[in-house]
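Protein chains: 2
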Amino acid sequence: MQLSQTGEFGLIKRICRIVESQSDEIVLGIGDDAAVIRPKTGSCLVLTTDALVEGVHFDLRYTPFDALGWKALAVNLSDVAAVGGVPAYALISLALPDKWTVENVESFYRGLKHCGKVYNTKITGGDTTRSGSKGFISISVIGYVNENLIKRRSGAKEGDLICVTGTLGGARAGFEALREGQDKNLFKKSIRRFLKPAPRILEAGKLIRELPVSSMIDISDGLASDARHLCEQSGLGCILWEEALPLHPDLKVWEEKMGTSPTRFALTSGEEYELLFTVNQDRFDSWINHSQGEKRVPVTVIGEIVHKKKGIRIKRGEKNVSFSEKGWDHFQK
Amino acid sequence: MQLSQTGEFGLIKRICRIVESQSDEIVLGIGDDAAVIRPKTGSCLVLTTDALVEGVHFDLRYTPFDALGWKALAVNLSDVAAVGGVPAYALISLALPDKWTVENVESFYRGLKHCGKVYNTKITGGDTTRSGSKGFISISVIGYVNENLIKRRSGAKEGDLICVTGTLGGARAGFEALREGQDKNLFKKSIRRFLKPAPRILEAGKLIRELPVSSMIDISDGLASDARHLCEQSGLGCILWEEALPLHPDLKVWEEKMGTSPTRFALTSGEEYELLFTVNQDRFDSWINHSQGEKRVPVTVIGEIVHKKKGIRIKRGEKNVSFSEKGWDHFQK
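From first to last, the protein sequence lines are chains A and B. Residues in the first sequence are numbered consecutively from 1, following this note's numbering. Residues in the second sequence are numbered consecutively from 334, following this note's numbering.
Misleading hints may appear alongside valid ones.
Unchecked claim - Keeping only pairs whose Cα atoms sit at most 30 Å apart, straight-line, the calculated BS3-like set for lysine-lysine is:
#1 A/Lys252 <-> A/Lys309
#2 B/Lys517 <-> B/Lys467
#3 A/Lys13 <-> B/Lys490
#4 B/Lys373 <-> A/Lys206
As the list claims (entries may be wrong) - Output of the computed footprint for chain B on chain A, the stretches with three or more beta carbons under 8 Å from beta carbons of chain B:
#5 37 to 48
#6 149 to 161
What the hints assert, rightly or not - If you want the footprint, here are the derived chain B segments under chain A, 3+ residues with CB under 8 Å:
#7 382 to 396
#8 453 to 462
No lab work stands behind these hints: they were computed from the structure. The model shown is predicted, which means the values in this text are computed figures rather than measured ones. C-beta atoms are modelled at their ideal positions from N, C-alpha and C, and glycine is treated no differently.
Start from the sequences and build out the full structure, keeping to the hints where you can.
Okay, structure coming up:
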């Protein structure tokens, strides 16, 4: 059905049917001028927003609408996790081109709702409007964080280890596999990671409780770029260890087929939504020794924080080289 | 300067210089993954979001960037006012086409900051990204409301008076004057109202404290449309009184020049950001009698709430006629 057939207010009614969530703390939900929430007491509020633009951040030729809904929310949840918070509410702002159908929008909202359900985030409002030619999605998430558990980009200390959760490079491999029309079965895991990333909310909470995490950021622009942000905001340098980078298993397949260096993918792959964090070396060693065998968060040490003068480099064999590979900068061409 | 020359992160630094606001309750501000706020205790949170799309909501041929920044925030603040709240924080999501310059974006942010300063709203974060061809702006505002002062669209009672703040039709007159290239001096006030609307935050607070306001909405789609929303959500009907509509002074000039009916403008003009509310008749009469001579909020009674069966009509001379003029529906053509 065309959007013009249902109209703005008809569409909003359909969206309400999908996302409606009754909850004691929602005093006023979707359908009024604004939502009203009875907030949790004793916590700080986390506020974040992220936009996805058609043709810049997503391509509908290989992105199903439900995955788009999932991802649009997940990228915001990852930002909440990166400061040590838990998400609670989401506001959805959508500008819809005429070519999107009512069913497309419903599918988008179902993916969004699914992600919200998995990560305890309630959709409490939004704005739905027309766009000229391209779809535009902006989501804001409101969450909570205990004030003394807040993690900043700027807290790293010289000598700290640099750690990362999970593996790197998968999102880029999945994106390239889709873009180049590769056999989807060969890149199942990386395609899933690209289309439906899993924000590390639980993992962030666990790490912060168990380790003296000194700084944290999520990898959205790429390791090369985000490590730089963390170092610059901490006023320090770093040495990453090429051999230590935890490579996504699909990078092996990609290397065999296309000859692309897995390290390059691991360094530059944006939209990974893994956590990059720093921690005191001694405390980390004792954590590793004492948590063996238990279900601990998958973490790899990939480098160390050094003095600013030593720059931002990667150890390749015996040499420390500067890396020029850029993460995603939305305005550079 | 072109956006590609400064790059995403360079642009963010420039924006930070404009909007940077130090404040005790902002624990973590712009430049990290998310903002963190120490919230006011004892209040509910108000959450709202509104998007403006180039070519749909604004036209750069006659909208200066600083006015655009002001308006993008003001329309959100109006939503907070409509539920009885006060705004506190804003998140700014921008997708910028290549044709916008760094100076354009800075000017946008200066207008935004000015509006925030006037209405006590701090810019605490955002996302800035590239857009293909058109600019997209989505702003979310977080505010506070006392739980027993929340105003819903759904609270109107049969027999209540329907009131509106200020005047109607000016935003439409201003828009048409700009679009048709009319003499700007003739339509100074209405152009200002269209470009830089004033959200009724103080007025909403005052009205709610002084009067038993039973329901409230802000006029963003147009009186015809928003009165309908209020009635439908209250499960009631209404009679508006044509002769009572408070017309913006510029409508007279417009009528003389173009022959367009002022009532039509008053009914269909969106983006007015006046408050439409309902109130018990006796209590209103006593308020009017006791507040004469004092500085009271400019309010006009424009109709009454009736049983649902009587429909949604306007009294024109001796007849009650249904009005078909539609407010702004973003998907109808």
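Okay, the hints, checked on the actual structure:
Taking the CA atoms of A/Lys252 and A/Lys309, the gap is about 35 Å. The hint is violated against a cut of 30 Å. With a CA separation close to 27 Å, the supplied pair B/Lys517 and B/Lys467 stays within the 30 Å bound. Distance check on the hinted pair: A/Lys13 and B/Lys490 sit about 24 Å apart at the alpha-carbon level, within 30 Å; holds. Distance restraint check for B/Lys373 and A/Lys206: the Cα-Cα separation of roughly 28 Å lies within the 30 Å cut-off, and the hinted pair is therefore satisfied.
Only residues whose beta carbon comes within less than 8 Å of a beta carbon in chain B count, and the region 37 to 48 of chain A has 9; three or more means the coverage holds. Judged by the Cβ-Cβ criterion of 8 Å, the region 149 to 161 of chain A is covered by chain B as claimed, because 4 of its residues qualify and three suffice. Remark: the region 382 to 396 of chain B is confirmed as covered by chain A, as 8 of its residues place a Cβ nearer than 8 Å to a Cβ of that chain, reaching the required three. By the rule of at least three residues with a Cβ nearer than 8 Å to a Cβ of chain A, the coverage given for the region 453 to 462 of chain B holds, with 6 such residues.
Violation of the numbered hints given earlier is confined to hint 1; every other hint is satisfied by the structure.
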